[in-house]
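Q: Using the sequences plus the hints, can you model the full thing?
Here's the letter readout for the chains.
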Amino acid sequence: MSKKPKLYYFNGRGKMESVRWLLAAAGVEFEEEFLETREQYEKLLQGGSLLFQQVPMVEIDGMRMVQTRAILCYIAAKYNLYGKDLKERALIDMYVGGTDDLMGFIMMFPFLSAEDKEKQCAFIVQKATSRYFPAYEKVLKDHGQDFLVGNSFSWADVHLLEAILMVEEKKSDVLSGFPQLQAFKARISNIPTIKKFLEPGSQRKPVPDDKYVETVRRVLRMYYDLKAN
Amino acid sequence: MSGKPRLTYLNGRGRMESIRWLLAAAGVEFEEVFLQTKEQYDKLIKDGLLLFQQVPLVEIDGMKMVQTRAILSYIAGKYNLYGKDLKERALIDMYVEGISDLMQMILMFPFSPPDAKEKNLDSIKEKATNRYFPVFEKVLKQHGQDFLVGNKFSWADVQLIEAILAVEEKIPAVLSGFPQLQAFKTKMSNMPTIKKFLQPGSPRKPPPDDHYVETVMKVFKR
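The listed protein sequences correspond, in order, to chains A and B. In terms of the UniProt record's numbering, the first sequence has 71 at position 71, counting the first letter as 1, and numbering is strictly consecutive. In terms of the UniProt record's numbering, the second sequence has 211 at position 211, counting the first letter as 1, and numbering is strictly consecutive.
The set of hints was computed from the structure by calculation and includes no laboratory data. Take these hints with a grain of salt, some might be off.
Said to hold, decoys possible - With a cut-off of at most 25 Å between alpha-carbon atoms, the simulated DMTMM-like pairs for lysine to aspartate or glutamate come out as follows: (1) LYS46(B) with ASP101(A); (2) LYS141(A) with GLU39(B); (3) LYS221(B) with GLU88(A); (4) LYS227(A) with ASP47(B); (5) LYS84(A) with GLU126(B); (6) LYS64(B) with GLU137(A); (7) LYS87(A) with GLU29(B); (8) LYS64(B) with GLU97(B); (9) LYS138(B) with GLU126(B); (10) LYS141(A) with ASP122(B); (11) LYS152(B) with GLU29(B); (12) LYS87(B) with GLU32(A); (13) LYS46(B) with GLU137(A); (14) LYS43(A) with ASP47(B); (15) LYS185(A) with GLU169(A); (16) LYS138(A) with ASP42(B); (17) LYS6(A) with GLU199(A); (18) LYS127(A) with GLU39(B); (19) LYS38(B) with ASP101(A); (20) LYS64(B) with ASP85(A); (21) LYS141(B) with GLU59(A); (22) LYS15(A) with ASP116(A); (23) LYS196(A) with ASP225(A); (24) LYS84(B) with GLU199(A); (25) LYS227(A) with GLU199(A); (26) LYS46(B) with ASP100(A); (27) LYS205(B) with GLU169(B).
Claimed, not checked - Negatives, chain A to chain B, calculated, CB over 12 Å: (28) GLU33; (29) VAL139; (30) LYS171; (31) ASP210.
To be verified - Among chain A residues calculated to face chain B with C-beta under 8 Å, some are: (32) PHE52; (33) GLN53; (34) MET63; (35) ARG69; (36) LYS87; (37) ASP93; (38) ALA228.
From the three backbone atoms N, C-alpha and C, an ideal C-beta is built for every residue, glycine too.
A: Here it is as C-alpha cells:
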C-alpha cells in the first residue's frame, strides 16, 4: 500500500486546488481519484468515506479527511508550514482567511451565467485591488522580508501565490500597482517545489471550463443556479 | 488598560457569537465595543484597524485579529481546547468546519427575502437532521465518551452545543431522533462556564431580530 496521500475530487480546481498546491509546495507526492460519474460519488457515499457527504476528501495518515480547511491545516502543520508558535499561526490563519475569501469569489465564477460572469469579474478585480492585495503589499513592505510570516516559507505564501495567479488569469496586469507583490510572485514561483508545480505535466489543474462545470453539476446535482456577488 | 480581549462587532450574534461562546467556555472575561453607525465602521477602516476592512475584530495579546476562523483557532490553541496532538486537531477541525457550514445557513437566514424563508428553514432542518447531527450522534455513540474528541472538552464541543441550541430555536423538536446529542446537550449545558454563559445577563446575544438586520444593512451599506 502506498503511503502517498490520495485526493478524491473532480478533475479540476475547485476546492481541492489549494490542497494540491500545498502538498506540492511541501514536496509531497500524491495520488488522485477523479469523480466523473454520479455512480462513483454514490459509491463513496454508501461506503461511508465522506463524513459530511462531501468532497474534497483526502486519505492521509490513516484518516479520511474532509473539509478543505481542516485538510490544509493538517498538511501545513505536518510539513512545518504553519509558523513556529501560536502567534505566527494566528498571522498565517488571518492571511489565509483573506486569500480564501478572494479565491471563493473566483471559485463560483465558472458556474455563473455569461452576464453574471462579467459582473463577477469586475467584482473580483475590485476586491483584489482595493481590499486584499493592498493588505499583503503592506505586510511585505513593513517587514521587508521575503515571506509573509516569521521570515520563513509558510502556507500563507503558497496560498497568496495561488490567489495572485488566479486573479491574473482574469486580469493580466492586476499587479501593476503592487511592486512588493510582483517581487513576491517572482520569488515564490522560483522555489524549486513550486517551480515544478508550475511546469506543464504537474498535477496543477487548468482554468475550469464548461466540461468541468457540467461534470460537477451532474455528479453532485447542485450548483445550477448560482448568482454573482 | 485591561488585559482582557476586546471584541468589536454589532450588538448581536452574527460571526462574533462563536467567539463569545469559546471565550466564555474557556472562562475568559472580555470587553465588547458595539458598532451602531456607518461612521463608527468607516472610522475603524480609516484608522487601519481592520486588515481586510471587515469585522469581527478581536484585540487580544497585542494583536488586532480578524477572520473568525483565525480568531477561534488562536483562542482554542491558547486555552488548550484544541486537542493534544495533530491528529486530534484534525478531528476537531473537521467537526468544527462541518458545524460551521450548518451555522452559516442559520447566519444567513435573517437576511433571506420573506418568500425564501420557509424554503431556507426547511433546508436547515434537512441538513441538520440528515447531514450534521447524525455524524455527531454516531461519533458519541461509537466511543461512548462525554466529549467529541480525545475524551476531553474541546472547541468542537463548544461549537456543537452552540449549533444545537441555535437550530433548536428554529426547530424545537430537532433533537428528537438523537438521544446521544440530547445527553450531550445536557452535559455541556451543565459545565460551569457554559452554564454561566447560558444565564441571563451573560454576554450571549439573543436571536437576530429585524432591528439587528436593519443595523447590519445600515452599518455595512456600500
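Q: Determine for every hint whether it applies to the structure shown.
A: Taking the hints in turn, this is what the structure says about them:
1. LYS46(B) with ASP101(A): 22 Å, holds
2. LYS141(A) with GLU39(B): Distance ~29 Å between LYS141(A) and GLU39(B) Cα, so the pair is violated.
3. LYS221(B) with GLU88(A): 33 Å, violated
4. LYS227(A) with ASP47(B): 34 Å, violated
5. LYS84(A) with GLU126(B): Status violated; Cα separation ~42 Å.
6. LYS64(B) with GLU137(A): Holds - the C-alpha atoms of GLU137(A) and LYS64(B) are around 18 Å apart, at most 25 Å.
7. LYS87(A) with GLU29(B): 20 Å, holds
8. LYS64(B) with GLU97(B): Status holds; Cα separation ~23 Å.
9. LYS138(B) with GLU126(B): 17 Å, holds
10. LYS141(A) with ASP122(B): 49 Å, violated
11. LYS152(B) with GLU29(B): Holds. LYS152(B) to GLU29(B) sits at ~22 Å (cutoff 25 Å).
12. LYS87(B) with GLU32(A): Cα-Cα ~22 Å, so holds.
13. LYS46(B) with GLU137(A): 17 Å, holds
14. LYS43(A) with ASP47(B): Cα-Cα ~53 Å, so violated.
15. LYS185(A) with GLU169(A): Between LYS185(A) and GLU169(A) the Cα gap is close to 14 Å, so the pair holds against 25 Å.
16. LYS138(A) with ASP42(B): 20 Å, holds
17. LYS6(A) with GLU199(A): 21 Å, holds
18. LYS127(A) with GLU39(B): Holds: LYS127(A) and GLU39(B) sit about 21 Å apart, inside 25 Å.
19. LYS38(B) with ASP101(A): 23 Å, holds
20. LYS64(B) with ASP85(A): 17 Å, holds
21. LYS141(B) with GLU59(A): Between LYS141(B) and GLU59(A) the Cα gap is close to 24 Å, so the pair holds against 25 Å.
22. LYS15(A) with ASP116(A): With a Cα-Cα distance of about 21 Å, the restraint between LYS15(A) and ASP116(A) holds, given a limit of 25 Å.
23. LYS196(A) with ASP225(A): 37 Å, violated
24. LYS84(B) with GLU199(A): 39 Å, violated
25. LYS227(A) with GLU199(A): 34 Å, violated
26. LYS46(B) with ASP100(A): Cα-Cα ~24 Å, so holds.
27. LYS205(B) with GLU169(B): Judged against 25 Å, a Cα distance of about 13 Å means the pair holds.
28. GLU33: 20 Å, holds
29. VAL139: 9 Å, violated
30. LYS171: 20 Å, holds
31. ASP210: 27 Å, holds
32. PHE52: 5 Å, holds
33. GLN53: 6 Å, holds
34. MET63: This interface hint holds because 6 Å falls under the 8 Å limit.
35. ARG69: 5 Å, holds
36. LYS87: This interface hint holds because 7 Å falls under the 8 Å limit.
37. ASP93: 3 Å, holds
38. ALA228: This hint is violated: ALA228(A) lies away from chain B, its Cβ roughly 15 Å from the closest one there, beyond 8 Å.
The structure does not agree with the numbered hints 2, 3, 4, 5, 10, 14, 23, 24, 25, 29 and 38 stated previously, though it agrees with the rest.
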